[in-house]
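Novice: Going by our numbering, the first residue of the sequence shown is number 123, and it counts up by one from there.
Among the hints, a few may not be true.
The calculated label-pair distances, taken between Cβ atoms and stated as ranges, are [stated by the list, open to error]:
hint : residue 1 : residue 2 : range
1    : R433      : L497      : 22 to 28 angstroms
2    : L335      : M432      : 19 to 25 angstroms
3    : K465      : H309      : 25 to 31 angstroms
4    : R433      : N307      : 56 to 62 angstroms
5    : H309      : L430      : 54 to 60 angstroms
6    : K243      : T181      : 19 to 25 angstroms
Just so you know, the hints here were simulated from the structure itself, not pulled from any lab data.
All C-beta atoms in this analysis are idealised placements derived from N, C-alpha and C, irrespective of residue type, glycine included.
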Amino acid sequence: MIPPGYGYQNVSLTVKSKLNFTQILFLLFIATIPFEYGLITNYGTITKLLGFIVAFFFTLRILLLHKRIAFPPSSGIFAMLLMWSFFSLFWSDNFDFGLRLWTTLIFSLIYWILGYNLFNKIEETYRLILVFYFASLIAALFASIQHIDVYSRLSLTEAQPNNLFGNTLAFGFLCGMFLIFSIRNKHFRFIIYICNLILLLAIINTGSRGSLLGLMGGIAVYIIHASKQRRNTMVFIILTVLALYLIPAKLFEDAIYNVAKIRLSLSLQQQIDSMISRQEILSFGLKEALNALPFGVGLGDIDRSLGLHMRIWGEINPHNNLLRWIADTGLLGLFLFILMYGKLIKNIFSASSSRLTVEFLAGLSFLTLMFIHGLFTEVQFHKPFWLAILITTIIINSNQNKSHSMSIYKEIKNNSREH
123 MIPPGYGYQN
133 VSLTVKSKLN
143 FTQILFLLFI
153 ATIPFEYGLI
163 TNYGTITKLL
173 GFIVAFFFTL
183 RILLLHKRIA
193 FPPSSGIFAM
203 LLMWSFFSLF
213 WSDNFDFGLR
223 LWTTLIFSLI
233 YWILGYNLFN
243 KIEETYRLIL
253 VFYFASLIAA
263 LFASIQHIDV
273 YSRLSLTEAQ
283 PNNLFGNTLA
293 FGFLCGMFLI
303 FSIRNKHFRF
313 IIYICNLILL
323 LAIINTGSRG
333 SLLGLMGGIA
343 VYIIHASKQR
353 RNTMVFIILT
363 VLALYLIPAK
373 LFEDAIYNVA
383 KIRLSLSLQQ
393 QIDSMISRQE
403 ILSFGLKEAL
413 NALPFGVGLG
423 DIDRSLGLHM
433 RIWGEINPHN
443 NLLRWIADTG
453 LLGLFLFILM
463 YGKLIKNIFS
473 ASSSRLTVEF
483 LAGLSFLTLM
493 FIHGLFTEVQ
503 FHKPFWLAIL
513 ITTIIINSNQ
523 NKSHSMSIYK
533 EIKNNSREH
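With these hints in hand, go ahead and build the complete structure from the sequences.
Specialist: This is the structure in structure tokens:
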């Protein structure tokens, strides 16, 4: 007998509501996120340009139809964090750079609110997840083909940080886990299994330990709450990837294996050599943060200080979400960021019944990935972070008793709810 919360749902998957023009533009915006570093124009990336166009048509729609704007859960807390961050610019010695960071966060909040108003039903999260999942899969395949004979960590372009590409693919992998838990059709589920194997191999080859650790945390969410059958499936996926990856490596000293060997080796000395710069950044950043309490050094100033300390021309980011806020904005900034994140997690458990459904598991796994990886990289300035927040807030605010429907595949596994 399948435990409550993990059964199948017999659902009609014909979506009667059609996508409007603004929704289509937003989905195109989502689809370009994994490729953003390769879509650079004289006017910014195509992803950013699409974001501006979506914002324009959304504003026009609101004005013409006289609709009210809905604000997602926890967005008010983040807005307060942005206000405090703006004030901190006035005592920052790196005002221009800090203002660029602040602008990035402002647009992140805008896209969060836009997506929340355009896709405000729980069945519509499937559209967002499917679009991003297949976009990240295509990005992984394209990058892998580019790097077949290249001795370097996996990325789409030289300008793209490998750790951020790893974060994108890890988020895509968890989107695939959500689909595996949701799809009833065995053939389509098998396709997602294969696609996730490709994604996992690509994540390993980015050489991003933070992405892998975050992904392990996200998978752990599913393992803890999954039925025995699904738990065995996830273990099978992981063991298959290790076999595909390590066995050929013993036979052929290929470039991709050597990269992973250097970056992911269990050798303590190699780990120390690889992490020494991160440790130096964290150590110096914490000293700067403690010396500047309670208000911080001002948004963006920690990057300047780290650049001077490491004797590098330009700024160095602190590679840690929490260090960013406590160093730049002090105790209040750190408190507001943790409060926003903690409230989202609390809402997941309070909005669900006694057992987490597959949608809430997805939201919790997304937040887990982003929090863990945020301890190694500033994912809060990366669009997948805000897409994860967006999907989670839609799930939290949706009516859990409504039927789920989709037009992409034929059947979705029911997550029976306890009453």
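Novice: The structure should be examined with respect to each hint, and the outcome stated for every one.
Specialist: Status of each hint after checking the structure:
1. For R433 paired with L497, a C-beta distance near 25 angstroms keeps the hint of 22 to 28 angstroms intact.
2. Our hint of 19 to 25 angstroms for L335 and M432 holds, since their Cβ atoms are close to 24 angstroms apart.
3. For the hinted restraint 25 to 31 angstroms between K465 and H309, the CB-CB distance of approximately 40 angstroms leaves it violated.
4. Between R433 and N307 the beta carbons are some 57 angstroms apart, a value that agrees with the proposed interval 56 to 62 angstroms.
5. Separated by about 58 angstroms at the C-beta atoms, H309 and L430 satisfy the suggested range of 54 to 60 angstroms.
6. A C-beta distance of roughly 22 angstroms is found between K243 and T181, which places it inside the suggested range of 19 to 25 angstroms.
Taken one by one, the earlier hints fail for this structure only at number 3.
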